[in-house]
Structures are given as structure tokens and as C-alpha cells.
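Position chain C against the provided structure of chain B, taking the given hints into account.
Protein chains in written order, with our numbering: chain B, 1 to 274; chain C, 1 to 158.
Honestly, the hints are just simulated from the structure, not real lab data. Cβ coordinates follow ideal geometry from the N, Cα and C atoms, glycine included. Honestly, I wouldn't trust all of these hints.
[Stated by the list, open to error] Pairwise CB distance ranges, derived in the manner of DEER restraints:
hint : chain 1 : residue 1 : chain 2 : residue 2 : range
1    : B       : Ser58     : C       : Phe50     : 50 to 60 angstroms
2    : B       : Arg243    : C       : Pro18     : 21 to 31 angstroms
3    : B       : Lys133    : C       : His94     : 27 to 37 angstroms
4    : C       : Ile128    : B       : Thr244    : 22 to 32 angstroms
5    : C       : Trp115    : B       : Thr244    : 20 to 30 angstroms
[As the list claims (entries may be wrong)] Here are the simulated SDA-like pairs of lysine to any residue, each with C-alpha atoms no more than 25 angstroms apart in a straight line:
hint : chain 1 : residue 1 : chain 2 : residue 2
6    : C       : Lys74     : C       : Leu88
7    : B       : Lys236    : C       : Phe114
8    : B       : Lys133    : C       : Tyr20
9    : B       : Lys133    : C       : Asp105
10   : C       : Lys27     : B       : Gln260
11   : B       : Lys236    : B       : Ala271
12   : C       : Lys27     : B       : Thr244
13   : B       : Lys133    : B       : Gly86
14   : B       : Lys185    : B       : Arg243
15   : B       : Lys125    : B       : Thr70
16   : B       : Lys236    : C       : Ser25
17   : B       : Lys236    : C       : Pro18
18   : B       : Lys236    : C       : Asn97
19   : B       : Lys236    : C       : Tyr106
20   : C       : Lys19     : B       : Glu57
21   : B       : Lys236    : C       : Gly23
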Amino acid sequence: MSHAANETAAPAAGTPVAEETSDTRPADQSSQGGAGGIESFDIVLKVRRYLPEASEESYWDEWRLTMYGTDRVLDALHKVKWDHDGTLSFRRSCAHGICGSDAMRINGRNRLACKTLLKDLDLSKPIVVEPIKGLPVEKDLIVDMDPFFQSYREVMPFLVAKGQEPTTERYQSQADRARYDDTTKCILCAACTSSCPVFWTDGQYFGPAAIVNAHRFIFDSRDDAGDMRLEILNDKEGVWRCRTTFNCTDACPRGIQVTQAIAEVKQAILARTF
Amino acid sequence: MSTPETTIAAPRTGRIDPKYTRGESGKGNFEMLAWLFMRVSGVILVVLVFVHIFSNLMVGDGISGIDFGFVAGKWAHPLWLFWDLALLWLAMLHGANGVRTIINDYAERDGVRFWLSMILYVATAAIIVLGTLVIFTFEPCMVDATGALLENSPAICR
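One chain only, chain B, in its complex shape (with noise of 0.2 angstroms):
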């Protein structure tokens, strides 16, 4: 799965270093090519850091950096860690918008470093990149996704057909299509489920996530298997744990109406129900 990512993760001490060094930048060459009237600013970046081998204590780490006006967060963190400091980690992959890997904590929001653009935050104050809150925190900015994927699991995100026999295509009209559309767009960053407050203090949550993932086969015309999902959801841990802050719904860089999915999913369990 691509969302389990690259992990820039830096090399220990005394190894050689890895070959990322050595890739392409189209960050430098952005800055340094003719592009003309690319606005450029200095910005301090401050990272909320944590080297487990060093110390078990997490600290600030602050860069002044000069960028353009085309550079995202994750150019920023590119530039830290590959001119200023290589120890400096976290993940990512497409860099793109669309795997979902460098899901983070920019200024107290749940952003992509991908998506955010330096020039749309407040410059007179330092940028704060923390790692997204609730799962345990593995060194700088990656944290352990492993229950967050765990819960994704449990709803079952997957197509469960009656008449498995491929004799012939499973038809499906476009307002049927339409019902479960928006739920479709899920790229699992966790910026949803590790922005719900509930889940900073219960990591047993199913969490924003999950819920999104189980509405689109819940409401999806050709599955079969709606019943046993809302019932996996009918849990303590389940959609009623939602207090509907719209944390989610803020935080995702999909623009998922999430906090809308988990409702309908709770009005499914009471149509059910009743």
C-alpha cells in the first residue's frame, strides 16, 4: 500500500548517507531557475523534534530559511534536512497531495506539508510543524500508524459481493455511484483522525477515518456487507464516541465532508435499528 510511504528516516550515526541526498530538488531548482518574479521571504521554521536514540525528551527546533513564493512546508523541511541538518525526519512520498504520507501538525492544524503553501500561512511568526497528535510519535515528525490502520481494517474497506462469479458486471447507476462519491477520496493521511479530540484521549476511537472508509462500502449499491459494518461501528469505540466537532471535516486535505459521513453512518445504524 503506498501509504505505508517512504520514511526519510535519517541514517545513524557513522553510516554513510543515504542516497536521497542525491535526488533530484525541484525545490533548489525552482529557486534558482530563471522563473522570473518568484516572490522570495525569509521564514523561521520551528519542528517540534524527537531523537529517541539521543533522548527520550522532545524539543524545538527552530531554521531560518529563505524560500519562494512556489514552496509548500515540505520544500521548507526538504530544505532542512537536505542542507541544513540530514537528521531531521519524516515522511513522504508523492509529495503530491495524493499518498497521503506527510500528514502533520502545521501551525495547530492537520495539513499536508505537500498542499500547504508557505506564502497562505502568517510569516511574521515562526512556522510550527509538530507531528500529528494521538499515535505514538517514532522520531520527529512519523508517528506509529499502526493502530490508526488497525481500525481501518476493522470495518472491512473492501468490496463484499454476493455471487462472487465475474459472469457479469455489477451494475451500478450514476445516482447510486453519486450516494458514496465524496467518502470515495479517502488517501488515509490520519489528518482526520489524529485532529478529533476524542481521539487524542481514547485511541481505542475508531476515529474519523475509519467511519469515512466504512460509509463508502456502507452506501456503496453493490456491497452486501453494510449490516456487519454497522455493527462493527455500533460500538462503544464506535460513531457514537462523535461529538461533531468538525475537526475532521477541517482537517481534511481531501475536502471530505466527514463529519457529515459519520452522521449519516449513525443514521444508518438507527434506520437499522428502528
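This is chain C only, laid out in the frame that chain B set:
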């Protein structure tokens, strides 16, 4: 040299912190019913509360008209008896369930959660029982041992 390991554990096997693993205890419809109760009781409470406030504070003498006699007069009618009983029960259960969810959301340790919940349940039960008792046994004209009216009894007793 010792023989090399022939099997290597799969990466991250069993590494998920127990605080993320769900038990089997979460099944059943209780949370759904609690969620539904909050919505239904909320709507009913809006009507109950505003009619209560209107009839007590804005009709007749308003706030200066409220005394033992006023309450006794109201509760002489079964509608108001039922009204206030419903108000008491729904408000207490609605509020208690709200606090219960807040405790569940914010108490991180099981022990803290258990004891906070216990305090909440005992307090809720005590207030509901006491309130119900008062509604059904309310006596505005209290007498002393000799059968004489106590001082400060409302005018309706005389």
C-alpha cells in the same frame, strides 16, 4: 558461532500499545440509545423549560408571586405535577449523560473514569429520588407536634 536465527519476527508484530486495542465490552445498543435519548430529551426539554419559566415568572405576579402557596397551587393540578416530574427526570438524565460522555472523553485513566462516573451516578440518583419525593409529598402547611400551623406558613393554610 551460534546458529543464526532461522525466523525473523515480522516487523512491528504486537507492537501496538494496548491503549489502542478495543475490548469486546463495547457491544450492544446502549451508546446508540444514549445518543438518541440526548436528542429526543433535548427537544422535549426546550418545551418543558420555557413553559416552566413562562408560567412561573411571567404570568400573574411574576417572580414575586412565587412562594410555598404558589407551588402548592400548581401541584394541585396533575398536569403540573406531571410537567415538573418530567422536567426533573429528563433534565437530570440529560445532564448526567452529558457529563458521563465528558468523563469518558477526558478521563484517561480507568480508575479516575470509574470514580468520577460513580460520583456522578450517585449524585444523579440522589437528586432524582429526592426531587420525586418532594413533588409527590409536598406539604405547604407544616404543623408542629400539637397540630398548630408553623409560623411563616403561607396564607392559603389559614
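Quick rundown of the hints versus the structure:
1. The hinted range of 50 to 60 angstroms is satisfied by serine 58 of chain B and phenylalanine 50 of chain C, whose Cβ atoms lie roughly 51 angstroms apart.
2. In this structure the supplied range 21 to 31 angstroms holds for arginine 243 of chain B paired with proline 18 of chain C, their Cβ-Cβ distance being about 24 angstroms.
3. Judged by the Cβ atoms, the range 27 to 37 angstroms given for lysine 133 of chain B and histidine 94 of chain C holds: they are separated by roughly 31 angstroms.
4. Range check, isoleucine 128 of chain C to threonine 244 of chain B: Cβ separation about 28 angstroms, and the 22 to 32 angstroms hint holds.
5. Checking the proposed 20 to 30 angstroms range against tryptophan 115 of chain C and threonine 244 of chain B shows it holds: the Cβ atoms sit about 28 angstroms from each other.
6. For the proposed pair lysine 74 of chain C and leucine 88 of chain C, the alpha carbon gap of about 15 angstroms is at most 25 angstroms, so the pair holds.
7. Our distance criterion of 25 angstroms between C-alpha atoms is met by lysine 236 of chain B and phenylalanine 114 of chain C, whose separation comes to about 16 angstroms.
8. For a cut-off of 25 angstroms, the pair hint linking lysine 133 of chain B to tyrosine 20 of chain C stands: about 14 angstroms separates their Cα positions.
9. Annotation: proposed proximity of lysine 133 of chain B to aspartate 105 of chain C holds, straight-line Cα distance about 16 angstroms (limit 25 angstroms).
10. Pair hint lysine 27 of chain C plus glutamine 260 of chain B holds up; C-alpha atoms about 24 angstroms apart against a cutoff of 25 angstroms.
11. Between lysine 236 of chain B and alanine 271 of chain B the alpha-carbon distance is near 18 angstroms, which keeps this suggested pair within the 25 angstroms criterion.
12. For the proposed pair lysine 27 of chain C and threonine 244 of chain B, the alpha carbon gap of about 22 angstroms is at most 25 angstroms, so the pair holds.
13. Taking the CA atoms of lysine 133 of chain B and glycine 86 of chain B, the gap is near 24 angstroms; set against the 25 angstroms cutoff, the hint holds.
14. For the suggested pair lysine 185 of chain B and arginine 243 of chain B, the alpha carbons sit about 23 angstroms apart, so the restraint of at most 25 angstroms is met.
15. About 19 angstroms separates the Cα atoms of lysine 125 of chain B and threonine 70 of chain B, which keeps this hinted pair within 25 angstroms; it holds.
16. Taking the CA atoms of lysine 236 of chain B and serine 25 of chain C, the gap is about 8 angstroms. The hint holds against a cut of 25 angstroms.
17. Distance check on the hinted pair: lysine 236 of chain B and proline 18 of chain C sit about 17 angstroms apart at the alpha-carbon level, within 25 angstroms; holds.
18. With a C-alpha separation of about 14 angstroms, the suggested pair lysine 236 of chain B and asparagine 97 of chain C falls inside the 25 angstroms cut-off, and the hint holds.
19. A distance of roughly 15 angstroms separates the Cα atoms of lysine 236 of chain B and tyrosine 106 of chain C; the hinted pair therefore holds under the 25 angstroms criterion.
20. Straight-line distance between C-alpha atoms of lysine 19 of chain C and glutamate 57 of chain B comes to about 21 angstroms, which keeps the hinted pair within the 25 angstroms bound.
21. For the proposed pair lysine 236 of chain B and glycine 23 of chain C, the alpha carbon gap of about 10 angstroms is at most 25 angstroms, so the pair holds.
Hint compliance for this structure: no hint is broken.
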